[in-house]
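K.L.:
Let the sequences and hints guide you as you build the complete structure.
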Amino acid sequence: MKKHVYIFFNIIVIFTSSVMAQKTLKFNREESEFIRLTRNFEQDLNKRLIEPYFCDVSDTILVVTENKLENTQFKFFSTVSGKFLGSYGKKGEGPGEISYLPTMIHQDFIKNEGLIFLDWGKKRISKIRVESMLERVDFIPQQYYVLHSDLIFAQRVMYLNDSTVVGFGGVRQGRLYVSNIRTDETTFTEFIPDPGFTVSERNIGYAYFGYFSISSANKRIVTTSRYFNQLEIYDYNLNLLSVIRNENEFEIQIDTKGLVNENSRVYYNDIDVSDNYIYALYVNVNVNETLNEMLNDDEVEESEIHVFDWDGNFLMRYILEGYYESFTIDERNNRFYAVNPYDISKNIYSFDIK
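Just remember that this note's numbering sits 53 ahead of the position in the sequence shown, which is counted from 1.
Hints may contain errors.
No more than 27 angstroms apart at the CA atoms, straight line, and that leaves these computed lysine-lysine pairs for DSSO-like [said to hold, decoys possible]:
| # | residue 1 | residue 2 |
| --- | --- | --- |
| 1 | K164 | K176 |
| 2 | K136 | K175 |
| 3 | K272 | K76 |
| 4 | K100 | K76 |
Derived CB-CB ranges, DEER-like [unchecked claim]:
| # | residue 1 | residue 2 | range |
| --- | --- | --- | --- |
| 5 | N314 | R225 | 17 to 23 angstroms |
| 6 | S134 | N341 | 25 to 31 angstroms |
| 7 | N124 | D288 | 22 to 28 angstroms |
| 8 | E86 | D405 | 36 to 42 angstroms |
| 9 | V199 | N301 | 43 to 49 angstroms |
| 10 | N314 | T113 | 27 to 33 angstroms |
Rather than coming from a laboratory, the hints here were simulated on the basis of the structure.
By construction, the Cβ of each residue, glycine as well, lies at the ideal position given by its N, Cα and C atoms.
P.N.:
See below:
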């Protein structure tokens with residue numbers, strides 16, 4: 054009898070632990086503290102940029118992706134002087150290793166001794182070593198991994214370590230996934246939030262389109278969705294630790310075909326992290342109005358950056374002048390950079406954090 058009680062007790066403990074590991078945290082955006090920031094026009098940077106699409110900062114270097122099909126490049130600048138340091142990519146000053154449409158997530162490419170990006174044209178993850186010098190940067194092609202068949206439609210992929218890649222969005226088997234590059238063995242998470250009905254496999258990757266970022270210091274992965282007002286925090290084993298929701302603005306707005314409807318909204322456009330904080334770019338615009346707002350950010354007066362700690366607690370928000378598709382945090386200089394690739398002006402802006 055004691056043995057049965059002991060086994061039953063252990064089952065209860067294990068079950069309770071797994072339930073306790075996942076927590077749902079809610080916050081009220083409208084009642085939260087905020088700081089309003091005014092944008093600065095980066096004249097020296099914009100002289101060198103044609104169609105900025107994505108931006109990221111590592112140490113004292115800002116990298117800006119230009120996703121023009123015939124001229125895809127990474128352009129590098131000093132965050133101290135604003136000086137142009139060099140470019141890499143198609144028709145760039147460095148080796149033409151990019152085919153087209155590279156996507157990357159925010160990363161510490163100086164500390165990690167390599168810039169990692171997904172080359173959609175070649176269906177592979179590429180890594181180049183970026184060597185920073187006072188007057189320029191050097192680029193050395195380092196390694197690449199060709200995606201196996203289950204992941205060829207992945208939207209964003211990143212090395213988790215030397216033997217594992219982590220990806221997000223675009224595939225039918227799951228929302229977030231890790232894959233062993235030696236064996237191709239892949240683990241998928243469930244699609245969350247659960248809409249309460251079966252969604253067409255053909256479009257499910259689109260419906261759950263979003264962004265993710267990795268904290269090697271915390272061994273955590275944070276994800277967010279474009280069409281769901283929610284963030285999730287996972288550990289490296291893909292255990293879901295926290296779900297973060299705005300309690301007044303959460304609603305399932307996709308149909309059984311996996312498509313958004315006329316009432317759907319775009320919530321989060323990007324996510325960046327540091328050792329201590331999570332930063333999420335929040336826009337909250339109607340999906341049918343998004344194109345006009347993309348083309349002319351005067352149509353949208355503001356975007357927001359929501360700040361969380363790694364326990365999932367909402368801390369505050371910054372309100373930015375204008376609509377943006379990508380941003381990055383420069384903690385060394387206490388500054389945000391942001392871009393809207395669809396804006397007619399094609400500019401990058403900075404925001405000094407007060």
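K.L.:
Under the constraints set out in the numbered hints, which ones does this structure not fulfil?
P.N.:
2, 4, 6, 7, 8, 10
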